[in-house]
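If you're matching them up, the sequences are chains A and B in order. No gaps in the numbering here: position 3 of the first sequence is 18 in the numbering used here, and each next residue is one more. No gaps in the numbering here: position 65 of the second sequence is 80 in the numbering used here, and each next residue is one more.
Careful: at least some of the hints might be erroneous.
Intra- or inter-copy, both count: the list cannot distinguish identical chains.
[To be verified] Calculated pairs, BS3-like style, for lysine-lysine (alpha carbon to alpha carbon, straight line, at most 25 Å):
1. 263 / 362
2. 155 / 256
3. 244 / 157
4. 242 / 155
5. 148 / 68
Read the hints as simulated data drawn from the structure, not as lab findings.
2 protein chains.
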Amino acid sequence: MKLANMPYPFNPPTRVLMGPGPSDAHPRVLNAMARPLIGHLDPEFIRMMDEVKAMVQQAFITQNNLTFVVSAPGSAGMETCLVNLLEPGDECIICVNGVFGGRMVDIAERCGATVHRVDTEWGRVTEPDQIRKALDACPKPKLVALVHAETSTGARQPLEEISKLVHEADSLLVVDAVTSFCGVPLKVDEWGIDAIYTGTQKCLSAPPGLSPISFSEAAVRVLDNRKTKVQSWFLDLTMVKNYWSGAKRAYHHTGPVSSIFALHEALNIVLEEGLEARWARHQVVHQHLRTELEKRGFRFLVEESYRLPNLNSVFLPDGLDEVQLRSQLLNQYNIEVGGGLGAFAGKIWRVGIMGESATRNHVNMLVGALDELM
Amino acid sequence: MKLANMPYPFNPPTRVLMGPGPSDAHPRVLNAMARPLIGHLDPEFIRMMDEVKAMVQQAFITQNNLTFVVSAPGSAGMETCLVNLLEPGDECIICVNGVFGGRMVDIAERCGATVHRVDTEWGRVTEPDQIRKALDACPKPKLVALVHAETSTGARQPLEEISKLVHEADSLLVVDAVTSFCGVPLKVDEWGIDAIYTGTQKCLSAPPGLSPISFSEAAVRVLDNRKTKVQSWFLDLTMVKNYWSGAKRAYHHTGPVSSIFALHEALNIVLEEGLEARWARHQVVHQHLRTELEKRGFRFLVEESYRLPNLNSVFLPDGLDEVQLRSQLLNQYNIEVGGGLGAFAGKIWRVGIMGESATRNHVNMLVGALDELM
Chain A
16 MKLANMPYPF NPPTRVLMGP GPSDAHPRVL NAMARPLIGH LDPEFIRMMD EVKAMVQQAF
76 ITQNNLTFVV SAPGSAGMET CLVNLLEPGD ECIICVNGVF GGRMVDIAER CGATVHRVDT
136 EWGRVTEPDQ IRKALDACPK PKLVALVHAE TSTGARQPLE EISKLVHEAD SLLVVDAVTS
196 FCGVPLKVDE WGIDAIYTGT QKCLSAPPGL SPISFSEAAV RVLDNRKTKV QSWFLDLTMV
256 KNYWSGAKRA YHHTGPVSSI FALHEALNIV LEEGLEARWA RHQVVHQHLR TELEKRGFRF
316 LVEESYRLPN LNSVFLPDGL DEVQLRSQLL NQYNIEVGGG LGAFAGKIWR VGIMGESATR
376 NHVNMLVGAL DELM
Chain B
16 MKLANMPYPF NPPTRVLMGP GPSDAHPRVL NAMARPLIGH LDPEFIRMMD EVKAMVQQAF
76 ITQNNLTFVV SAPGSAGMET CLVNLLEPGD ECIICVNGVF GGRMVDIAER CGATVHRVDT
136 EWGRVTEPDQ IRKALDACPK PKLVALVHAE TSTGARQPLE EISKLVHEAD SLLVVDAVTS
196 FCGVPLKVDE WGIDAIYTGT QKCLSAPPGL SPISFSEAAV RVLDNRKTKV QSWFLDLTMV
256 KNYWSGAKRA YHHTGPVSSI FALHEALNIV LEEGLEARWA RHQVVHQHLR TELEKRGFRF
316 LVEESYRLPN LNSVFLPDGL DEVQLRSQLL NQYNIEVGGG LGAFAGKIWR VGIMGESATR
376 NHVNMLVGAL DELM
């Protein structure tokens with residue numbers, strides 16, 4: 016019954032993670048993953064979950080009571096938001112300027128909703144006038160969804176003006192904050208975001224596998240007034256919320272204990288640094304990266320005013336083979352940068368400076384290696 | 016922006032895990048969780064995923080090519096199997112003799128399927144004659160689903176005779192093996208199981224958060240011939256499978272890197288021990304537990320011939336307050352045992368001896384503590 020060539024020892028190389036995620040994790044977070052397990056209904060674990068919830072609220076800058084963590088990666092957080100708010104026959108508006116807007120359309124359609132797409136060239140952002148026009152065609156959408164930080168392009172979507180339009184239409188604003196959370200300003204209550212999801216492996220610098228989310232009171236009312244069951248049992252917030260809040264914590268599924276240990280430690284680190292300081296650090300390191308890359312002939316895909324500091328999409332200097340150079344970086348220097356997705360596959364790099372990977376040292380390692388290779 | 020009482024250090028107590036899961040994890044597995052992260056598309060990670068797949072096949076005793084790991088806990092594995100095989104309007108037969116059969120019914124109904132329930136008293140198992148009768152009423156079900164090891168009761172479901180009936184009806188056999196995997200005999204190919212899911216936190220002794228699954232060729236044909244899209248994007252195997260196999264490994268969602276490190280290590284440990292030796296160990300420790308518990312007046316819920324060795328559901332001796340005693344075990348001895356679920360809440364204990372928790376020392380700790388408390 017044993018495999019012929021057992022055992023398989025696995026000793027991963029020590030990488031420098033500068034792609035679109037995961038980013039480097041702090042040793043404190045890695046150590047938290049290795050804590051001995053405790054039960055997912057242990058009173059000590061439940062108490063720790065309350066702290067996680069309080070810290071996620073703090074990091075989202077929200078008072079929303081329905082704030083907690085989906086036991087699966089960011090894409091499951093996206094599905095959680097849409098599947099709980101949409102019912103068959105609902106109309107919604109979804110803005111698409113990259114891979115993740117497109118993914119929201121796909122999920123919303125699987126929920127049986129009619130989707131009004133607002134398409135924008137990849138690398139650009141959705142303008143308020145496009146939303147006005149979409150609301151003319153569909154004046155009462157159940158929700159309007161946008162990606163705050165499009166990981167496939169590096170574009171940062173302004174949300175405040177669009178939020179006003181969405182609420183004037185008595186609709187819900189749904190936001191993908193997978194790559195912006197804890198890296199750039201994000202203010203859930205102030206900006207009137209009704210449902211938001213993120214991931215752990217970007218600017219939070221925890222391992223991938225969980226998705227913090229938050230629902231406003233308006234979103235909770237929509238959830239409470241559903242006519243049909245949520246089509247996903249696993250992501251059904253009407254049940255999951257009883258594991259994350261309330262006096263009697265009801266078993267729903269087995270919580271991913273170790274990943275929540277790590278999330279707890281990563282949130283501690285974020286709040287010890289302070290959100291503004293963390294946002295500023297990402298911006299400062301971005302300026303350094305930008306200067307050094309532009310010196311070497313890289314050109315940014317996204318216009319300066321909409322550029323994410325933490326996810327840098329750049330065209331390579333002419334004549335360079337992106338696949339070969341990326342592979343040399345990985346194999347000779349252990350540095351990971353990301354390639355392009357979708358329309359930009361083979362054309363751009365996505366250089367992440369997120370969380371623990373947002374340091375001047377990371378930038379210097381990368382440009383030092385590039386100078387030797389180019 | 017800092018929380019008033021930050022930071023929140025978390026130093027969990029060192030528990031002895033003898034509930035329905037998670038079980039104690041081996042230090043090698045905990046250490047694997049703490050390895051520095053690498054990218055989820057890193058060639059080294061992809062190579063390691065191939066080893067995980069080979070070891071999951073080995074542990075399921077299957078040649079199924081569509082064998083891999085869902086990036087979420089066992090309940091998501093359950094939903095993955097049902098949501099990929101069922102389409103609106105399909106008929107299916109689901110056997111219910113505890114919480115998890117009931118959960119399958121709920122999920123199948125959310126898929127738009129018509130469910131023919133085969134109900135059996137909790138603690139007992141489904142008899143082949145019940146399946147014959149169900150097939151008379153519904154001769155061409157898309158699938159017949161059963162729970163191999165009902166975690167809510169500790170009953171072990173015989174599958175071979177039922178498998179023949181299911182295949183004579185040209186239907187698919189779907190099996191929940193969350194609590195049996197790596198703890199009791201389970202032979203996917205020999206028993207003709209078409210779709211199976213399990214969890215990592217039971218007899219495998221890895222942290223909770225992942226769900227290994229496997230689909231037979233017949234199940235893959237059903238998947239390939241779907242008329243509608245799978246209603247869950249996150250769990251859609253027509254896409255996820257391209258991340259886990261094939262020459263070009265396509266990005267679907269960000270894989271939970273650290274949890275897969277741990278799974279890899281836990282599977283190594285299982286196969287180093289050998290499946291038969293591991294099954295035998297669970298049986299031997301069960302005999303010891305049984306003797307000691309019966310001496311003290313505990314009575315087993317499940318008839319001996321259908322009793323799982325690893326999940327022991329017992330009525331307490333008369334006059335004992337189960338909540339108080341369970342809480343004393345946890346608070347004074349750091350020993351976790353599980354309470355009853357559903358109909359058995361407040362009436363039974365569920366004592367798990369699974370994976371690393373299946374040792375004579377665990378049993379002796381438990382009964383020693385009970386002697387002092389009772």
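Hints and how they fare:
For a Cα distance limit of 25 Å, the shortest separation of residue 263 from residue 362 across copies, 18 Å, qualifies, whereas the shortest one inside one copy, 53 Å, does not. Taking the shortest Cα distances, residue 155 and residue 256 never come within 25 Å of each other, neither inside one copy (28 Å) nor across copies (38 Å). In the homo-oligomer, the alpha carbons of residue 244 and residue 157 lie at most 25 Å apart both inside one protomer (17 Å) and across protomers (23 Å), since each shortest distance falls under that limit. Proximity of residue 242 and residue 155 under a CA criterion of 25 Å is satisfied intra-copy only: 18 Å inside one chain copy versus 31 Å between copies.
In the homo-oligomer, the alpha carbons of residue 148 and residue 68 never lie at most 25 Å apart, since the shortest distance is 38 Å inside one protomer and 49 Å across protomers.
In this structure, the earlier hints numbered 2 and 5 are contradicted, and the remaining ones agree with it.
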